[in-house]
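Novice: As a plain string of letters, each chain reads:
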Amino acid sequence: MTPALEVRDLVKRYAGGFEALKGVSLEIGAGEFFGLLGPNGAGKSTMIHCITGLARPTSGIVRVFGNDAVHNYRQAREAVALAPQEINLDIFLTLEETLDLHGGYYGMSRADRRARTAELLEAFSLTEKRKQRTRTLSGGMKRRLTLARALMHRPRLLILDEPTAGVDIELRLELWQYIEKINNEGTSIMLTTHYLEEAERLCDRIAFINHGEIAAHGTIPELTERYGVDTLEDAYLELVGRQELSRSHISEEAAL
Amino acid sequence: MSSGRVGASRMSSSQIRMYSLVRREVNRFMKIKRQTIGGPLLETFLYISVFGAALGTRIHSIDGYRYIVFVIPGLIMMAWALNSFANNSSSVLQQKFTRAIDDQLASPASPAQLLWGFTLGGFLRGFLVSALTFGVAAALLSLPVAHPLVLIPSLAVVGLFFSIAGVLVGVRAEQFDDVALYQTFVLQPLIFLGGVFYGASLLPQPWQTLTQFNPVYYMISLVRYGFIGYRTANLLLAFIFLALATAALFAYAYFIFRRGRYLRS
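Chain order of the listed sequences is R and C.
So the first sequence is numbered by my numbering: it starts at 1 and just counts up by one.
So the second sequence is numbered by my numbering: it starts at 257 and just counts up by one.
Incorrect hints may appear among the rest.
Derived pair list, reagent style DMTMM-like, types lysine to aspartate or glutamate, alpha-carbon separation capped at 25 Å [as the list claims (entries may be wrong)]:
#1 C:K352 / R:E128
#2 C:K289 / R:E96
#3 C:K352 / R:D100
#4 R:K142 / R:D161
#5 C:K352 / R:E213
#6 C:K352 / R:E19
#7 C:K287 / R:D100
#8 R:K181 / R:E162
#9 C:K289 / R:E170
#10 R:K181 / R:E170
#11 C:K287 / R:E96
#12 C:K352 / R:E162
#13 R:K142 / R:E197
#14 C:K352 / R:E78
#15 R:K181 / R:E197
#16 R:K22 / R:E222
#17 C:K352 / R:E86
#18 R:K129 / R:E174
#19 R:K131 / R:E96
#20 C:K287 / R:E170
Where chain C lies over chain R, by a calculated footprint (3+ residues, C-beta under 8 Å) [said to hold, decoys possible]:
#21 52 to 64
#22 231 to 242
These aren't lab readings, by the way, just hints derived from the structure by calculation.
None of the values given here were measured: they were computed from a predicted structure.
Heads up, the beta-carbon is just placed ideally off N, CA and C, and yes, glycines get one too.
Just need the whole structure built from these sequences, with the hints factored in.
Specialist: See the structure below:
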């Protein structure tokens with residue numbers, strides 16, 4: 001079965017010489033829920049940008065459902081969508097226009113765009129606001145609209161870059177439910193997050209990335225075993241070399 | 257949430273994509289039409305009032321043409337040029353700032369489609385302001401159209417030239433000051449000194465000769481000839497040069513979009 005994402009020896013070197021990705025290789029199976037964890041500046045966003053066409057890889061291969069992201073970019077981009085960490089909605093557009101134009105960029109017919117827009121606005125409880133401009137929305141609504149926009153063209157691989165950063169508890173739980181539903185319906189998902197309980201709840205497999213390299217990947221039991229710890233949090237702290245922050249370490253010290 | 261596709265379209269996916277990119281740009285300037293259409297129209301009519309109604313009573317004619325009729329072709333061209341440029345440079349830079357441009361950049365749109373989408377937005381705004389100005393001028397002042405076959409292609413190429421230039425400046429700019437710099441210190445002086453308000457023959461030396469190095473002078477000459485039949489420069493040469501310059505600018509912009517420079521990291 002063709003993997004949802006195949007990354008081979010991906011290098012990204014910026015103009016100043018900084019190497020954000022140092023030969024990363026990764027594979028996400030079709031229908032899989034995959035987590036990419038790492039500290040800020042580890043290379044997560046750069047990798048996402050290389051997959052979605054927002055950055056140009058220096059070397060290496062990126063394939064989305066078998067389509068090369070550089071040489072066969074049209075098919076690759078039709079198959080993938082990104083809900084970015086930073087809200088980047090067009091302030092001149094209404095909610096309806098935001099979804100409709102996004103569908104247009106992907107070549108969807110007018111009838112299909114209309115039906116899909118209504119469906120997504122309803123699913124994300126945004127129907128009442130459909131004629132409002134995006135800048136009038138609350139932070140939580142903007143987050144929901146960003147996710148709806150990403151889903152508009154029915155991507156087979158959805159990339160969620162810290163989708164629940166800064167949202168309240170209800171919305172976080174709501175978003176988790178949406179995301180699980182989408183995954184159950186067959187969409188492959190790649191998630192980056194700093195909330196480890198989010199990764200634990202949602203992801204089938206996880207990769208740790210640090211200093212532009214994949215340090216480890218596998219299921220949560222495989223990762224904890226590899227680092228010789230009991231929890232994903234401790235495995236992560238081992239990755240970043242901050243074992244002294246481990247809860248077990250702190251409770252041991254408190255007992256002394 | 258996973259319903260299948262609905263309905264077929266008479267347009268191909270690629271045409272829908274192109275149409276959507278242009279629609280976004282038109283949507284933007286129409287949402288703020290007081291600023292993007294109303295403001296420039298008022299400005300143009302103020303020029304017409306001052307230079308036509310006020311000064312025009314003192315300057316009766318230039319080479320046999322009523323002064324107001326002599327000035328209006330240049331004003332129509334200036335409106336198209338400035339609006340095309342201002343629209344595209346602001347629109348692209350705004351979208352870069354908010355990163356809303358990522359929605360288009362991550363789409364399957366080709367570099368050429370993205371470039372045409374941004375370009376045509378400003379082109380259409382320039383066209384709208386110029387067409388409205390022409391409509392009023394034609395009705396109130398009996399502005400003729402002496403050579404439509406020269407006028408239409410000339411105005412279209414001028415509009416394209418400044419539309420592409422606006423996109424390029426927006427793509428390269430990092431702050432709004434960069435856009436203002438080109439508009440205030442390059443574009444406006446070239447247009448004002450290109451002969452919108454006077455004929456080059458009225459200038460003393462060395463200004464008369466220097467004007468001939470200003471590309472806008474040839475654009476105005478073409479447009480003025482198209483409207484009122486007033487001939488100054490070698491018009492065929494001027495048109496060929498203008499068309500080549502526009503093609504070269506487009507080729508450079510296409511190179512930038514294809515490489516993704518300033519847009520993709």
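Novice: Look at each hint and say if it fits the structure.
Specialist: Checked hints:
no., hint, verdict
1, C:K352 / R:E128, "violated (29 Å)"
2, C:K289 / R:E96, "holds (20 Å)"
3, C:K352 / R:D100, "holds (21 Å)"
4, R:K142 / R:D161, "holds (15 Å)"
5, C:K352 / R:E213, "violated (29 Å)"
6, C:K352 / R:E19, "holds (24 Å)"
7, C:K287 / R:D100, "holds (16 Å)"
8, R:K181 / R:E162, "holds (18 Å)"
9, C:K289 / R:E170, "violated (40 Å)"
10, R:K181 / R:E170, "holds (17 Å)"
11, C:K287 / R:E96, "holds (15 Å)"
12, C:K352 / R:E162, "holds (21 Å)"
13, R:K142 / R:E197, "holds (23 Å)"
14, C:K352 / R:E78, "holds (22 Å)"
15, R:K181 / R:E197, "holds (18 Å)"
16, R:K22 / R:E222, "holds (24 Å)"
17, C:K352 / R:E86, "holds (13 Å)"
18, R:K129 / R:E174, "holds (18 Å)"
19, R:K131 / R:E96, "holds (6 Å)"
20, C:K287 / R:E170, "violated (34 Å)"
21, 52 to 64, "holds (count 5)"
22, 231 to 242, "violated (count 0)"
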